[in-house]
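J.: Now for the letters of each chain:
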Amino acid sequence: MMIIGMGVVTFIPRMLPFIMFRGKELPPFLQGVLKNVPYATLGALIFPAVLYIQEDIWYGVIGALAAFAVAFLGANVIVVVMGSIAVLSAYSLFF
Amino acid sequence: MSMNQGTEFKKGLQAGISIAIGYVPIALTFGLLAKTTGLSIGETVMMSMIVFAGASQYMSLSLIALGTGILEIILTTFIVNIRHFLMAASLNEKVELDRVFNRIVYSFGITDETFSVAATQPGKLTTGYMFGLNLISYASWVMGSGIGFAIGAGLPETLQQSMSIALYAMFIGLLVPSMKQGVKVVFLAALAACFNTVFTMTEWLSTGWAIVAATLLSAVLVELVELIKKKGKVTGVE
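Chains A and B are the protein sequences, given in the same order.
Mapping of the first sequence onto this note's numbering: residues 1 to 95, in sequence order.
Mapping of the second sequence onto this note's numbering: residues 96 to 333, in sequence order.
Just so you know, these hints were derived from the structure itself, not from any lab.
Predicted model, so just to flag it, every value in this text is computed and none were measured.
Here a beta-carbon is modelled for each residue, glycine too, at the ideal position from N, C-alpha and C.
Check each hint, because a few of them may be wrong.
Stated by the list, open to error - Below are the PhoX-like pairs computed for lysine-lysine, each with C-alpha atoms no more than 20 Å apart in a straight line:
| hint | chain 1 | residue 1 | chain 2 | residue 2 |
| --- | --- | --- | --- | --- |
| 1 | B | LYS219 | A | LYS24 |
| 2 | A | LYS24 | B | LYS189 |
| 3 | B | LYS279 | A | LYS35 |
| 4 | B | LYS106 | B | LYS219 |
| 5 | A | LYS35 | B | LYS325 |
| 6 | B | LYS275 | A | LYS35 |
Claimed, not checked - Simulated DEER-style distance windows between Cβ atoms:
| hint | chain 1 | residue 1 | chain 2 | residue 2 | range |
| --- | --- | --- | --- | --- | --- |
| 7 | A | ASN76 | B | LEU319 | 30 to 36 Å |
| 8 | A | LEU26 | B | ALA234 | 32 to 38 Å |
| 9 | B | GLY101 | A | PHE29 | 34 to 40 Å |
| 10 | A | PHE29 | B | LYS105 | 32 to 38 Å |
| 11 | A | ARG22 | B | THR297 | 37 to 43 Å |
| 12 | A | GLU55 | B | LYS325 | 45 to 51 Å |
| 13 | A | ARG22 | B | ILE246 | 40 to 46 Å |
Could you put the whole structure together from the sequences, leaning on the hints where they help?
T.: Right, here's the structure in full:
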């Protein structure tokens, strides 16, 4: 009962825009804002939450910097993920 | 559906591999915590199947443990997940035209992670791609929850710790290539990160609302600045 309720209220916001804005041409300004949303979302999802993944704040800092470095070199996303996991495994071995 | 939906589906599955890597340890832990909270394995797997939203599922466990009422738990879930409205509206602009039924089906799979991967993909998104991406993410989440409950343990402590970076590393891996293409992306992400930090540190807003507010503010502000710059150029010519 509770689980179904949780499912319904989670599904509604996910599904509604696809029905509300179906085949509609939104005003250019709004289209521009919606195009910006992914990058703004990524910024907000990463920071500050990444600092709190472990009690040791350096954990998140080092992991994020490693990911940034690997990504900046042009690596594929999976390589970025594996790379930062590897760096943090090494870090937790030594500290 | 067109002939190439099969390859598009495979592309989606591939793009979802990093999500699955990130979901498995979190799902295992969720299964384990659900067990200690007193849920049955059926309830645990059903919650992952029906809700499919990590943060709110974790939150519901702590609320259940506190003896919170059903309505309050449902309301909290709604508030935490309302950010997906913004993401769905953004994706709606980017997906190819298709039957509304297909769109409603894949909209069920919109999470922070599937959205981030899909939205940073160049060009239009096909239905096949969306199904592939969501399926691998969904499967890893549901199976991980069940396995976590069944074996009653997560991954070894050190591995679990290092893997807690996985989804953030993925977000960074998705963001950086776009940042290289233009300073606008850098501003959008940095501004949203700043707003989000202020909102959460000052405890003005709960995490769910903070992400919505920070995203909207940053997206609107950057768009306004761009509009003003464009107008300036036009009047400059005149």
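J.: Between the beta carbons of GLU55 (chain A) and LYS325 (chain B), is the distance compatible with 45 to 51 Å?
T.: Check passed, 47 Å falls within 45 to 51 Å.
J.: Range hint 30 to 36 Å: satisfied by the CB atoms of ASN76 (chain A) and LEU319 (chain B)?
T.: 35 Å, holds
J.: A range of 32 to 38 Å was offered for this pair. Does it hold for the Cβ distance of LEU26 (chain A) and ALA234 (chain B)?
T.: Given about 34 Å between the Cβ atoms, the range holds.
J.: CB of PHE29 (chain A) to CB of LYS105 (chain B), is that within 32 to 38 Å?
T.: 37 Å, holds
J.: Quick check on a hinted range of 34 to 40 Å for GLY101 (chain B) and PHE29 (chain A), using CB atoms only.
T.: Check passed, 38 Å falls within 34 to 40 Å.
J.: Does LYS325 (chain B) lie within 20 Å of LYS35 (chain A) when you go C-alpha to C-alpha?
T.: Distance of about 17 Å is within 20 Å: holds.
J.: Given the hint that LYS275 (chain B) pairs with LYS35 (chain A), test it: the Cα-Cα distance must not exceed 20 Å.
T.: 17 Å, holds
J.: Is the Cα-Cα distance between LYS106 (chain B) and LYS219 (chain B) 20 Å or less?
T.: 13 Å, holds
J.: For a C-alpha distance cap of 20 Å, please report whether LYS219 (chain B) and LYS24 (chain A) respect it.
T.: 17 Å, holds
J.: If you check the beta carbons of ARG22 (chain A) and ILE246 (chain B), does the distance land in 40 to 46 Å?
T.: 44 Å, holds
J.: Take a look at whether the Cβ-Cβ distance between ARG22 (chain A) and THR297 (chain B) falls inside 37 to 43 Å.
T.: Distance hint for ARG22 (chain A), THR297 (chain B) holds at roughly 38 Å.
J.: Could you grab the alpha-carbon distance between LYS24 (chain A) and LYS189 (chain B) and see if it respects the 20 Å cut-off?
T.: 13 Å, holds
Consistency note: the structure conflicts with none of the earlier hints.
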